[in-house]
Every structure is written in structure tokens, then in C-alpha cells.
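Enquirer: Chains Y and U, in that order, are what the protein sequence lines are.
Here numbering that gives the first Met the number 0 is used: the first residue of the first sequence is 0, the next is one more, and so on.
Here numbering that gives the first Met the number 0 is used: the first residue of the second sequence is 0, the next is one more, and so on.
For the record, the hints were derived by calculation from the structure and aren't laboratory data.
Fair warning: there could be bad hints in the mix.
Copies of one chain are not kept apart here, so a pair can be met inside one copy or by any two copies together.
[Said to hold, decoys possible] Each computed EDC-like pair below joins lysine to aspartate or glutamate, with the alpha-carbon atoms no more than 20 Å apart:
1. 48 with 234
2. 210 with 220
3. 48 with 129
4. 226 with 32
5. 176 with 156
Since the model is a prediction, treat every value here as computed from it, not as a measurement.
Protein chains: 2
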Amino acid sequence: MISRTEAKRLRFCETYGIPSHAERLAEVYADADWVFLCVGDHDIPTVAKELAVYRSPHMRFVHCSGSAPLAALDTLGERTAVLYPMQIFTVGSLPAAFRAIPLFVEGKGEMEQEITAMAHLLSDRVQVLDSQARLRLHLGAVFVCNFPNYLYRLAEELVPGVGLTAYQHLIEATVEKALAQGPAHSQTGPAVRGDTATLYQHLEILQDTPKKRELYWLMSELIREAKEGEMENAES
Amino acid sequence: MISRTEAKRLRFCETYGIPSHAERLAEVYADADWVFLCVGDHDIPTVAKELAVYRSPHMRFVHCSGSAPLAALDTLGERTAVLYPMQIFTVGSLPAAFRAIPLFVEGKGEMEQEITAMAHLLSDRVQVLDSQARLRLHLGAVFVCNFPNYLYRLAEELVPGVGLTAYQHLIEATVEKALAQGPAHSQTGPAVRGDTATLYQHLEILQDTPKKRELYWLMSELIREAKEGEMENAES
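The shape of chain Y in the complex, shown without the other chains:
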């Protein structure tokens, strides 16, 4: 365990009970078989370049980013791979069931088999995916995680004195239904119903916040178009 920030490293090692750690890249064990670069996406090439000085020929190098390509590790030679877990992590806590978290892996040449085997030690859900598809998957994560979180915030701000917990059962039922039926079949609401009267009532509420109004309109358009696309497919 190596970190540029002493305080972070100590907290991390304490939380997860990791015994060995160091402050400098020079202290990477010469006999380490696997080296994981768990740094910010855009720091990967820099850290890889620094690590290249200390690497031994048997070492394997792995990054865990969804958006960085495998090639970000190119300065480290041929034994490179990616292991991208589909989950958000909070410092100080571990996801309840790590073996259920999907891990998406990619490896250079023979490393593909090695990283797949390594990933199977951690999870029951391992899938090989190249850098381009992984970036699309990463974009999907923004759609299902970052954007809904912002929409939850919008809803919370709309009705002072009610709070997000009022929506808890609705949110949970939405997720459950989308996963069970597929989101194309679980779409509800005024946009998919073509209920323009309600749509205009909603737009009126947002009239003083033009960007949010635009967001509502654009989302409703996209939902309507997706439905029309289905109907055309059904007809042809």
C-alpha cells in the first residue's frame, strides 16, 4: 500500500487492516507479483511513468479506471491489465457483498487470462471488455448514478418540508421494476402517456428556472421519441 498522502494511507490501512505500506514508489517490493494503481484517472500515466523505473520483469500492473484505456499503462511494458469494478466506494466502509459486484477486465495479450483469473478470486461476476466498450459502460454509470442523484436533489428542493424520504418507496419501486421488466417496459409518466396537459402544468412550475425547464422538456422529448421508435419497430 503506497500513497502520496500520508494521512490517507494511514486511514486506509487502519480501516482495512492492511499491514504493509510505504510512502515512496521506490519502496515497492521487488518481489511483488501484482501492482494495482488505484489513482485518479488522469494520474495513471504519470504514476505509471514513475513506477517504470522500479519495475521488475515479473511484475504485473493493473489500473481500475472505467474511462482510462489499457494503453495508459503502456510505459510499464507488456504485463498490464485493467480491473474496473461497477460500484461506488466510500472510504471507511466496504460494499456488503463484493463477490456480487461485476468486475470488467481487460489485459494485454496473455495478461487477459491472468487478470480474469485474478478477478475471479474477488467476484463471481467477471466479464472481459475492451477499453472502448468500458468507456461506454463508464458513461452508462454516469447515467444511472450521477444523473439520477442530481434529479433526487431537484425533487427534494421542489417541495420544502417534504424531503426525499417521501419518495423512497417510489424510487425503490422504480429501480425494482426497471431491473425486473427492463426500463423500456417500465417507463411511466406524462411524457410516455402523451399527457401534454400535465406536461405544461409541470413546465409552468419550472418557468423561473430556465435550465431546469429545458431539462424537463428535453427528457420528455427523448422519452416520447423512444416510445415512437418502439411503435415504428412494432409496425414494420
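Start from chain Y and add chain U according to the hints.
Expert: Quick look at chain U alone, frame taken from chain Y:
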């Protein structure tokens, strides 16, 4: 139980074990104390008008819409109210814990107390809310239910061969975190980090679908602005 559609009525009464039912409004029991109009939002005034012919002075009338005002029942006199449940319902199944579903109520004059008491028979979470605030709450439901469902669909379509279940743990963790910490504190992703490099990578993927590209851009802008608003508040 009265319905304009015979097949729907039969299925409904069978599923939920409702013994008495009728096909015509004329068959409303003259001694009924409560009459619930569970019809489409925009049918409420029409059905109310038809019902007015058969009403007895002691009858109470309730609609269950989030977007229709209490006034939609005006033709039915003074004993009118609204009971809006914050949940999506699927024909043929009942939500697991109805008593946990928030019910938002409103009543004309003395009816406010009556509908509150009635709602408490069904749920532990009853809150009085006027028609204007209920419409805002209804808009919030679109934000937390309809729009995320569409975003799940977008994500699913992005990476053929992966499927929405790959995101299941991420989606569940997102919901859990937003409810526990509040969505303003649980916002993650490139937009809130100011990670423009990743942002442009994502926009490139969407370049052939301009409306989806616009959606991504607009959402990212709104997330960034919300964060800047917080920082300004913290500074002042």
C-alpha cells in the same frame, strides 16, 4: 367498485377480492359514505359531473391524483377531498408495505380532518398538502421515477451484451447513499469533480445522437452550477 371497462373491473375485483361492483354510476349505493374516483387525471371533472346526478348529501368524494386540484371535484359539493399515494401501482400486485407509503391529503373545509383520519386507517405516513404543493410533489415524482427510468434505458442501450443488471449494485448504492446523506452530499461523477477530460470523452460517444449529447451537457452544467451555488453559500 365501478368501472367503464368490464374486463378491467372483473380482473381488478378478482385480484383484490372485492365482492361488490357495478358497471354504471347509477348503481352507486345510495348509502355509501365514501366514493373514491380512481380515474385518469383528466377524466376527474367528467366523472364528477356524471356522479353529481346520483349523489346523496352524506356522501364524501375523493380523487387520488397528484396533478389534479381539489377543485376538480367542485361539482360534487362541499364534502370533497384528495388522497394522493406516493407510489407506482401495478395491476395484479400490491405494494409490500402499504402502511409505509406516504399519503398526501387535502380536504375542503371540515373534510380535511375526515380525509386525514381516513388516510391514517391505511398508512402511518399521512401529510396534509394543498393542491399547489401537491403538483410540485408530482413533478418531483417525475424527476425521481420517470426520468431515472429513461436514464437506465440509455445506459442499457450504450453497451450491447452487458445489460442493466451490471449496474444493479451501483444503482442501489446510489439510492441508499442519497437517502442517507442527502443528494447534495452524495453527488459524484465527472461533472461535480470538474473533470472535463472525461466529460469530453463521454460527449464524443454521444456525438451521433445530438439530443442525448445535449442532455448530457445540460445535466453536467446543472450539477456544476449546483456545486458552485453551494460553494458561494459557504463563502458568504
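Enquirer: For every hint, state whether the structure bears it out.
Expert: Structure-based check of all given hints:
1. In this assembly of identical chains, the alpha carbons of residue 48 and residue 234 never lie at most 20 Å apart, being 56 Å within a copy and 39 Å across copies at closest.
2. Taking identical chains as interchangeable, the C-alpha atoms of residue 210 and residue 220 lie at most 20 Å apart whether they share a chain (15 Å) or sit on different chains (9 Å).
3. In this assembly of identical chains, the alpha carbons of residue 48 and residue 129 never lie at most 20 Å apart, being 22 Å within a copy and 62 Å across copies at closest.
4. Taking identical chains as interchangeable, the C-alpha atoms of residue 226 and residue 32 are never at most 20 Å apart, the minima being 52 Å within one chain and 42 Å between chains.
5. When the C-alpha separation of residue 176 and residue 156 is checked against a cutoff of 20 Å, the pair qualifies only between copies, where the shortest distance is 17 Å, while the shortest distance within a copy is 25 Å.
In summary, the numbered hints that this structure violates are 1, 3 and 4.
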